[in-house]
Structures are given as C-alpha cells and as structure tokens.
Amino acid sequence: MESGEKIGLSGPNGSGKTTLLKMISGIMSIDSGKIRIGENDVNPDEPDTRKNLYYLGHSVGLYPGLTGYENLTFISGLYGKMNPNISNVLIKVRLDSAHDKLVKFYSQGMLQRLKLATAIILDPDILLLDEPLTGLDVDGIKLFESVIVEWNELRKTMIIVSHNSDWLRTNTDRIIELKQC
Amino acid sequence: MPFFNHRNNLIHAAIAIVLSAINIYIVLSLEPPNLAQGIFGNIFYIHVPVAWTAFLLYLGVMISGVLFLTKKNKVWDHRGLAFAEVGTIFMFLVLTTGPIWAKPAWGIFWPWEPRLTTSLILFLIFLGYFMLREFGGNPEQVSRYAAVVGILAFLDVPLIFLSVKFWLPEMQSHPQVGQYFDSANPLPTYFLIFSFLSLLVVSSLMIRLRTNILSVKEAN
Amino acid sequence: MLIHFILKDLKIEWRSKEIITSMFIFGLSITLIFALAFQVAPMLIRTFAPGLLWVVILFTSVLGLNRLFSLEREEHAMWSWTSAPVDRGTVYISKVISALLFVLMSEILFIVPFFIFLNLPANFSFFQFALILFLGTGAIVSVGCLISGITLQAGLRDVLIPILLFPSASPVAIAATKCTGSLFDQKPMTEWNFWLLILGSFFVIFGMFGYLVFNRIVEE
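Protein sequences, first through last, are from chains Z, E and R.
Oh and the first sequence: position 37 is 37 in the working numbering, straight run, nothing missing.
Oh and the second sequence: position 88 is 269 in the working numbering, straight run, nothing missing.
Oh and the third sequence: position 98 is 499 in the working numbering, straight run, nothing missing.
Okay, chain Z solo, but in the shape it has when bound (with noise of 0.2 Å):
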C-alpha cells in the first residue's frame, strides 16, 4: 500500500478483514508474518509503533459510564494530545448538544458519530475503519463522506472495511477481497 491511498476492504463474514484491521492496530498478536509500516515492524511490545495509526472498531471502544466530552479528553490524552478544539469538533459532528449526556445514553448513531469525532481529533496518518456505516442515518453518512474527503485531501491513508461494496467502490481508490480459507 502506499501512502495517502484509499482502500477498500471487503470479503464474507469470518474472512479476517477485521482481524486484520486489529493486528494492523496492534491490538491483536501476530502468529506469523510481519506487518511493516514505514521503516518500523508492527510490534505489540512497542507502544510507540501504534503511534501514528487509530482502529476505529465495529464494536464501540468507550466508556459508557463517561460523557461524550470526558470520553474524547481520555482518549485524546492516550496519544499525548492536549487538543483543546473538542468542543468545536463535537459541533462538527452535530453532538454539542449531547456534551455532557453518558455514553451510554447515547444512540447508535451518536456513537457512530463520537467515534468519528475521535478520529478528527487524533488526527492520525493512518486509519482504520471497520464498518464505519453502520448505525449512521443519512445526514451521518453525508457527515462521514465530507470528512473521508478532506482526510483524503490531506493524504492520509485509509483502510475502510464494509459489507456494502457499492458504497466502497463510489468512495475508495480500490478494494481489496479477502477470500476464506
């Protein structure tokens, strides 16, 4: 793959694409193989290596006893990020309203939104989406294309998991199919 490049990951259910996307985070271990980003192996045991990439996981990934603000300064402060835009970043993703609300209070859809919104604060080089539509209404969808666009705009490399492979071929450079073994 190269860099700034857009690329779509399709494949049935239990082909690994999101097992992939998780030993690319380095969520996951790796039995055999490398994964190399740039000059440096992925490697569980080097926190440094996950630096610049962000998983943004089918399953949520917050905390639900914390607010959608408290949530975004957590994990903002896990990548050394003291980014005081949240604010504004949350109107971004039409969730001011819901500032001080619990997450787990919150729709699907909000929640498909804050995840968004913890992508636009980190700001990473690459990124990871596993089933980044699920859950969003069509102003969401709207929302998430605009954003792929200026990510997009800003060279960062993408790797989008979806069932939906008509949504991936108006929307990546090229798609990937992962066949079960």
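Among the hints, erroneous ones may be present.
List of simulated lysine-lysine pairs, DSS-like, C-alpha gap at most 25 Å [claimed, not checked]:
no., chain 1, residue 1, chain 2, residue 2
1, Z, K104, R, K418
2, Z, K6, Z, K156
3, Z, K34, E, K284
4, Z, K101, R, K412
5, Z, K179, Z, K6
Some chain Z residues near chain R, calculated using beta-carbon distances under 10 Å [what the hints assert, rightly or not]:
no., residue
6, M28
7, S29
8, G33
9, G38
10, N40
11, G57
12, S59
13, G61
14, Y63
15, I75
16, L78
17, Y79
18, L102
19, V103
20, L128
What the hints contain is simulated information worked out from the structure, not anything from laboratory work.
From a predicted model like this one, the values you see are computed outputs, not experimental measurements.
Even glycine gets a Cβ: it sits at the ideal position worked out from N, Cα and C.
Add chains E and R to chain Z, keeping to what the hints say.
For chains E and R alone, coordinates are given in the frame of chain Z:
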C-alpha cells in the same frame, strides 16, 4: 509417525518400565524402619521422591511459560501443558501418599505440614489452570493466560511455604525422617535417590509423549 | 499517564458509586451471617475475628475486581487504550491503585459495623491496623488485578477469578490473619513484623510480575 515407532522412544519406555519395577520391588520388600508404622513406613521411599518430581515438573511449567511468553513458539505452550498435566498427576500422588503415611506416623490423615500444604495449594491453583485451559475461550489467548498462571503458581511457592511453616510453628516438618537415615548405613539414601531417578525417567517419558501428541494435534 | 488512567476509574466510580456500594453491602451481609452463625460462643468469636475479617475482605475484593475490570469490557472500552501508544504495564499499575483505593474505601465502611456486630473491643493502635489493611489489601489486589486481567477476555470469568485468586492468595490470608490476630491480642509489633514482611514481599513480587506480563495478557 506414532511416538513409539521411534527406537529411542521405545528404549526410553523400556528403561522406565524396568526402573519402576525394580523400584516397586525394593519398596515392598524393604524391612520397615519403624515397626509401629509397619509396611506403611516404606511409603516414604515413594512419597518424598514423588513430591520432588512434582515440584520439579511445576518448575518446568514456569520455565516453559517464560519461554513461551518471550519466544512465542507454540512448542513451549505444548511443553507447558504437558508439564502441568504430568505435574498434577504427581501432585495428586503426593496428596494421596501423604495421608497414607501421615496416619501411622502422626495419627491423623492430614497434618498441616508445610510441604504437604504447599502441595495442596499448588494443586488447587493448577485445577484453576486446567479450568482456564478448558473454558478460557480463544485458544491463542488461553495459551498466554495459562503461561502466566503457571509462572504465578511457582512464584507463589516460597511465599506459601514460608507462611505455612511459621503459621503453625509447633508443626515440625517430617519429624520421622531422621529414623530412615543413620551414618552407618547409607542404603536408605541410595534407595531414595534411585526412586527419584526412576520417577524422573517415567515422568520425562510421559512429558515427551504428551508433547508429541499435542504437536500432532496442532499440525492437523 | 498513570494518573490519567486512575482519574478515569475514579470519575466513573464517583458518578455511579456502584463498585464501593456493592462491596460495602456485600461485606455487611457476610458480617451479618458470621455474627449469626457464631453467636453461640461470644468468647470464641475473638479468636476467629481476624480470620473472619480477612475472609470478608477477600470475598468483597473479588466482587470489586470483577466490577472494576468489567468497566473495560463493556462496549470494548479497553480498545481505546490497547490500540493507543500506551505502555500496558502502566494500565496494570493504575488498576492496582484504583482497586486498592476502592477496596480500602469499602473496608473503612464495613469495619465499623464488623466490630459492633461481633462485639469486638477496639483497643489497639489504629495506625498499625491501617498498615496491615493497606499491605494485605495491596497484596490481594496485586495478584487479583493480574487474574482479572486474564479473565477480561476469557470465558467463565465470574468463576475463574475466585478459583485462581483464593489459592494464590493463601499466603496473604495466613499472614494478614496472623498480623491482625497479634494486633488484637496487643502483642508488640516486633513479634509479628515477619508477617508484614510476607505481605509486603507478596505485594512487590506480584506487582512487578503483573507489570511485566500485562502486555501479553491484554493482546487479543
């Protein structure tokens, strides 16, 4: 290729059988050192070497665990499991021969003697270990968890031993052991060492066989 | 980063108060059962009290640890930090500190009713009592957080935590009971500081072990 089709493995098994037979013969035919305990006193020659072997095997679990976590080679996971299984069989023998000896020696089945208590606690941790292996879920994760629990169990040994030892200070460890040895007659020491060696041969055979079975299963 | 994680746990707990409340009420209920079951011999209860206290603390710790780690499991919240450039050993240390704070907090709450219900005299040094509670609880949560970390993604977690924790923590149960008993009998500290040493070394050994292996535990 099946394990016993290799000549070396057959030789190993033959040695194990011969040594065990001699060992059992010695233990059964020896004059009991203490008439009050009768033939039960001779279980000393089994109980003590079995306990040594059991602790050695659990040490093997810890070493395999460390190597598996650092080298990430599946073979250390198999060895760790084999050590744990065989070690637990030996630990079970320790926990059964202990009371058989304790009844004539102390008058009770279960003395809270430090070594025996440490064996019991380790045995319990390893029951948890097998539950984790069995019901833990995803096999790759379970291998790592089991390695950690195996190391944890052996790290616990000195702490358990020390605390049980000073817990009941009036409970001496093995007060009867002295009667088996005297400087004039070194024979009991030799019997003890012989028994230990024969158990080492038997347990190493069991571990090699089990590791072999696990690797074959993994390959399929 | 350590404080960042601890503050997160404290913030969630401050809002819901579910961990400390459930530990406190559970501790109170066990105390009640003990008081009823041992009512027959008010003099005997003095001898049993230190042991009972640590049984209550062990049971409530299991409950608290389970809740504390389910914070990370719900909605896969832990993925926020497993995919982040964060040293996972630090996360383990933060969990030990949060667990220590929560369990100590619940102890402070149920120890007063414990003394009142069991009619125990409180004529000892509170500073020394606090020291015993701190080291004993620290020892329990150091190995407890490691085991809970294992069960974070394993099946049967409600069962596995006590099954693995109780035997591993048996030196803590012995040492902490000995300390507390000697304190209740108003013995000078020099007679029982050996047991404090056991608690302290348990805390340090398993704390370091947990720090080292936590990375390998939370990987999927």
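Status of each hint after checking the structure:
no. : hint                : verdict
1   : K104(Z) <-> K418(R) : 16 Å, holds
2   : K6(Z) <-> K156(Z)   : 8 Å, holds
3   : K34(Z) <-> K284(E)  : 60 Å, violated
4   : K101(Z) <-> K412(R) : 14 Å, holds
5   : K179(Z) <-> K6(Z)   : 20 Å, holds
6   : M28                 : 4 Å, holds
7   : S29                 : 4 Å, holds
8   : G33                 : 16 Å, violated
9   : G38                 : 15 Å, violated
10  : N40                 : 12 Å, violated
11  : G57                 : 5 Å, holds
12  : S59                 : 4 Å, holds
13  : G61                 : 4 Å, holds
14  : Y63                 : 5 Å, holds
15  : I75                 : 5 Å, holds
16  : L78                 : 4 Å, holds
17  : Y79                 : 6 Å, holds
18  : L102                : 8 Å, holds
19  : V103                : 8 Å, holds
20  : L128                : 9 Å, holds
In this structure, the hints that do not hold are numbers 3, 8, 9, 10, in rising order.
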